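One line per chain: the protein sequences are A and B, in this order.
At position 246 of the first sequence the residue is numbered 246 (our numbering), and the sequence of numbers has no breaks.
At position 43 of the second sequence the residue is numbered 43 (our numbering), and the sequence of numbers has no breaks.
It should be emphasised that the hints constitute simulated quantities derived from the structure, not laboratory data.
These numbers come from a predicted model, not from an experiment.
Possibly wrong hints are sitting among the right ones.
In silico DSS-like links for lysine-lysine, alpha-carbon gap of 30 Å or less [said to hold, decoys possible]: (1) 422(A) <-> 123(B); (2) 541(A) <-> 51(B); (3) 123(B) <-> 30(A); (4) 51(B) <-> 47(A).
Chain by chain, the residues:
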Amino acid sequence: MDTLICAGGSGSRVLEAVVHLCAAGLGPPKLRAFVIDPDATNGSLEKTRLLVEHYRALHDIFGRGQPAEAGDFFATEFDLLLPEGGLQRWSPVKDGQEFSKVLNYETLNKDQKEIVHLFFTQNELEMKMNVGFRGHPALGAAALSLLPLFQNTADVPLWNAFHAALKNDVTKKSNVIVVGSVFGGTGASAIHPIVRYLRSSGLPENNAANLKVGAVALVPYFQFVPDLNNPGLTKKDIEEAAHSEQFPLASRSAAEYYEHLRATEDWDFDAMYWIGDDYLTDVKYSLGGKTQANPAHFVDLLAALACFDFFSNAPHTDVQPKSQDAADESARPRPADTMAPKQCWYCGPEVAQGAKQNSLAWEDLPIRSKMFGYDREELRKRLHTFQMAAVAHLSFNARLLSDKRLPERPYLVPWYVERFTKETDNLCGGENAAHLQKLSDYWQKEYLPWWQQINATNPRVQLFNSAAWGTTPPDLMRLGNLLYPDEAHHDLETVDELFASMVSVARNEGGVADGQKPARRYLRLLASASRPIVKRIQETKPSE
Amino acid sequence: MGIVFAWFSAPESVDVEAWNRFLDSYAPVFVILVALTIALTVTQYRHQALKLRIHSVEDVFRPYTPMNALWLGLVGAVLSAVVAGVMYWNMLQTMDSMLGFTLTMLLLTVFICEIISYPVVVKVTKLTPPQYCYRPGQVLQKKGPAR
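Please put together the full structure from these sequences, using the hints given.
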């Protein structure tokens, strides 16, 4: 089993990217996920929590029981550890608690208090922990160092459940990856304590080698400045807040810290990914809470793919190399599709000589030759197919299926006649229409806006043509031009081609067999019909 | 070839041998005209069907215009009747029963062209793009709810 632990707001946004990729059929068969964030009302977390809820509903309709390797949409099954409550959030501090209370400051003697003052300012000690650590990783690190205390505490069911699940997981190969920013508060303070906890969590000795632990460390990719004219912000708020001008310094400190761990042979990571961008995107300033909901960024996408890379290629071996062996091992040439143990990897947009800003293209995505059975080209195809299915459904098929003339003259839509003419198959109303409405809502309100944000906040992204879904519903004229760049000429020929392809698939091919839920059959039909068109388009637009 | 019209007896005022020569001359023309009309109808149907595109939901519900190609049967019939009339006058030198004969040829040509063209269009699936595969035979399709 693969486990993803997301720390802080950046971690939540990476989880958002992971969910969207799983929807497109790119994820592992099963994925356990939870979030560590002291800020219960964090806007990014709330958004991700809702997304996960919607995804699970869609998985039940469209993906349950499907082999994820086949690239079926919504095939990844999420394990959220506890049966109730959806995506679980855990905080190392109580909501609204002063930081000094976390340290039991009042009960310390004079000498101990003086030591505390060496590490923390008075402001930090008085800081209320209701919106996270506000860019103060020292606070988070202190709070998270208490992590081992929670695994057997009955009032922290999440850690109890996780510990039990982990014990069960390590009888086979299992992977855990922690994602967070190293320049903020929660992420920076969580990565190493969690990994250390995993390494000392009392797992059976003979199974411990089955557990591979990785981390995705996000380095600065956005910046903000406090709005000094905002009457809602006090001077104290601004002083306590995270300051983006300190992000590079914080990242450097983090890098030096992790380098120190390597140098002192205290390196607990089987792999560590460093991901960022050389151009910082401006985001709205927020102290935390509901307003902390930065738009999606391509770094989230890269981080999500890095997680999949680790899940798919983690360096599982029968014998763990000792530190010197590890160095020798990493120096040895290895096949391109295997991951050397205990290494750091980095990715981001390629440096383009002479260009003002670097841009992100398909070849910049962190994918080894194979990931869950697919390579870079296949990833591009699957994402393109998902995109085409989304645009075609929202702009054409959903309207067609809701047209009152269709039930009266179904023979006008041959794919409908071929596959959906039984009473229980009716896609135009009832439960099946409700299922398709959920799919439409996901594509319209969550998936395409996510891509729109990735493109809008950073126009250097050269993956898809965002002009295709800048309107509601998406622009059918660009159904054949979903890949970057936006071409000068557009037409509706691809609409006709896809309609014909759906008929051909419905009449000739298996894979959309009866016996499945009609809505699922429809989605598979749409995907199967899109694939040959995607293949034709991609042959004319190679990724490299 | 006159055997094609063997059932067509000579009018009383026309010599039987002249009538038979006329039928022998007209029959191949008739067969060629019918065959050409059918070929033209099917070709025109295919051409129009291939030109059709579904670009919007409205396109799915619009009338299926390639079936208009079947009207070419009427054009072939008129041509066949005109040729029959001209040959009738040239070879038999009489107007007796000419109108009846040309009208019969017109109806016969229409009937034969349609009775062959329509099944060809419906049954030869390669003539119709997959998007419209049930449209040629839509009069045979069940109306009402899909289930």
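Each hint, compared with the structure:
| no. | hint | in the structure |
| --- | --- | --- |
| 1 | 422(A) <-> 123(B) | holds, 25 Å |
| 2 | 541(A) <-> 51(B) | holds, 27 Å |
| 3 | 123(B) <-> 30(A) | violated, 49 Å |
| 4 | 51(B) <-> 47(A) | violated, 47 Å |
The structure is inconsistent with the numbered hints 3, 4, although it conforms to all the rest.
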